[in-house]
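2 protein chains.
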Amino acid sequence: MLTLSEENYLKAIYHLGKFGSQSVSTNAIAEQIQTKASSVTDMIKKLAEKDLVNYKKYQGATLTESGRLTAASVVRKHRLWEVFLVENLNFKWDEVHEVAEQLEHIKSEKLINQLDAFLDFPTHDPHGDPIPDKHGNIKKTDKELLASLKPSDECLCVGVKDSSKEFLNYLDKNEIALGTHFKVMSKEDFDESMTILINNETKSISKTVSNNLFVKVI
Amino acid sequence: MLTLSEENYLKAIYHLGKFGSQSVSTNAIAEQIQTKASSVTDMIKKLAEKDLVNYKKYQGATLTESGRLTAASVVRKHRLWEVFLVENLNFKWDEVHEVAEQLEHIKSEKLINQLDAFLDFPTHDPHGDPIPDKHGNIKKTDKELLASLKPSDECLCVGVKDSSKEFLNYLDKNEIALGTHFKVMSKEDFDESMTILINNETKSISKTVSNNLFVKVI
DNA sequence: ATATATATTTAGCCTTGTCTAAATTTAATT
DNA sequence: AATTAAATTTAGACAAGGCTAAATATATAT
Ligand SMILES: [Mn+2]
Ligand SMILES: [Mn+2]
Ligand SMILES: [Mn+2]
Ligand SMILES: [Mn+2]
Chain A
1 MLTLSEENYL
11 KAIYHLGKFG
21 SQSVSTNAIA
31 EQIQTKASSV
41 TDMIKKLAEK
51 DLVNYKKYQG
61 ATLTESGRLT
71 AASVVRKHRL
81 WEVFLVENLN
91 FKWDEVHEVA
101 EQLEHIKSEK
111 LINQLDAFLD
121 FPTHDPHGDP
131 IPDKHGNIKK
141 TDKELLASLK
151 PSDECLCVGV
161 KDSSKEFLNY
171 LDKNEIALGT
181 HFKVMSKEDF
191 DESMTILINN
201 ETKSISKTVS
211 NNLFVKVI
Chain B
1 MLTLSEENYL
11 KAIYHLGKFG
21 SQSVSTNAIA
31 EQIQTKASSV
41 TDMIKKLAEK
51 DLVNYKKYQG
61 ATLTESGRLT
71 AASVVRKHRL
81 WEVFLVENLN
91 FKWDEVHEVA
101 EQLEHIKSEK
111 LINQLDAFLD
121 FPTHDPHGDP
131 IPDKHGNIKK
141 TDKELLASLK
151 PSDECLCVGV
161 KDSSKEFLNY
171 LDKNEIALGT
181 HFKVMSKEDF
191 DESMTILINN
201 ETKSISKTVS
211 NNLFVKVI
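Order-wise, the sequence lines are chains A and B.
Under the UniProt record's numbering, the first residue of the first sequence carries the number 1, and numbering increases by one thereafter.
Under the UniProt record's numbering, the first residue of the second sequence carries the number 1, and numbering increases by one thereafter.
Any given hint could be a false lead.
It does not matter which identical chain is used: a pair holds within one copy or between any two.
[To be verified] Mimicking DSSO-like on lysine-lysine, the simulated pairs with C-alpha atoms at most 30 Å apart in a straight line are:
| # | residue 1 | residue 2 |
| --- | --- | --- |
| 1 | 173 | 107 |
| 2 | 165 | 57 |
| 3 | 107 | 46 |
| 4 | 143 | 36 |
Derived from the structure by calculation, the hints contain no laboratory data.
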């Protein structure tokens, strides 16, 4: 059975290295987990010992199959809890993350599978991120960044790349949520800002924003 | 903010010493928490430092008001989660405790208050134990041990004193649950076993059993 | 190819919470 | 009251997980 700390390291590698398939640097993990590189080295060694990561000195780490499965399970729990908080406990999408960071470490097969059923087997969390199934598989839907669209393109908002409180609050203020319909009106060459039509209102959004919104073209 | 371990020590004192009002011995805490007396001494000192317990060498510990409130909050969370697991996630009353032991340490005011509302403000957990309100108060209902009743007394089962898996399984097997109606038919002088009427069936139960069932006389 | 900068690892220390063994205090018996 | 037993505390050690500073390896720039 893994500790909370070990689970967090596996999750970091999972997120930073394409589900753990790509090598992730010590520094990147330290940044993600808000710790020091030296602590990361220690922990990676321990995880390698337990056959959860592949590690070669100075070459970063990837997840083993066992490590990937564990990380996916933690992510699954995180996202299912986020759904529960929003759907049943009146949390807003910018309030769920910290609590889910705690709940994702609760150990009970039955709990998570029953929660999954209770929520009617959701496929995505409140930020549009896919929920791994109990075998760690995610079926990836095709989505792209709003920034990549051209004038006259229409799409639905299906996810956020940055799910920081600040960005989510910005979206709330501008009445942008999952499912919101966008039509690209124009794109400024100078700074790549966009004018888009939302609910019959035109709004100008910066490149930073369009680069952090996932959409599905329709 | 307290650690998981500190919370568990406070809870132990709360449970062993009448909500922490009575002095609890080092050994009793060690037994409850499954640790060694020397570890308890260390932790009690730390909690006294933080003004959560009153401690005098060799005299055991009581909870301060602050400690009592914290302990009650942990117990509140534990019991609310138990209700959730039984009511919404298909857990049986003998399956909830271990998971609640983990969930009780999740830190979020909003989470627990929303959970309380979601469950419609339950007053008792699946074992009949009262749920403290957000101020740590419990309104105690009058209940007594089945063992104290006399022939011809009738009552409803309102709680279990021992909520071990073994006892709960025994009750399941004998179709005894919260709300079950009992009528005492006779009491054996020799071993204090009782014959009671349950669902029009007479059953003989040992003193051990009648001493662990809380009932409300009607 | 060499020098410099950056990334990573190592070494040594710290805190939390635990343990065992020894010392001390309190409780129980003679 | 003196002795023995039991409970409690102290002393010293350890593992987990973290940190800082120093050493080493890799990457970048001259
Ligand atoms: Mn999240
Ligand atoms: Mn999310
Ligand atoms: Mn319980
Ligand atoms: Mn209970």
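Now for the hints, and whether the structure bears them out:
In this assembly of identical chains, residue 173 and residue 107 lie within 30 Å of each other by CA distance solely across copies; the values are 28 Å between and 37 Å within a copy. Within a single copy, residue 165 and residue 57 get their C-alpha atoms no closer than 36 Å, and across copies no closer than 48 Å, so neither meets the 30 Å cut-off. Taking the closest pair of Cα atoms, residue 107 and residue 46 come within 30 Å of each other both inside a single copy (21 Å) and across two copies (29 Å). Taking identical chains as interchangeable, the C-alpha atoms of residue 143 and residue 36 are never at most 30 Å apart, the minima being 35 Å within one chain and 56 Å between chains.
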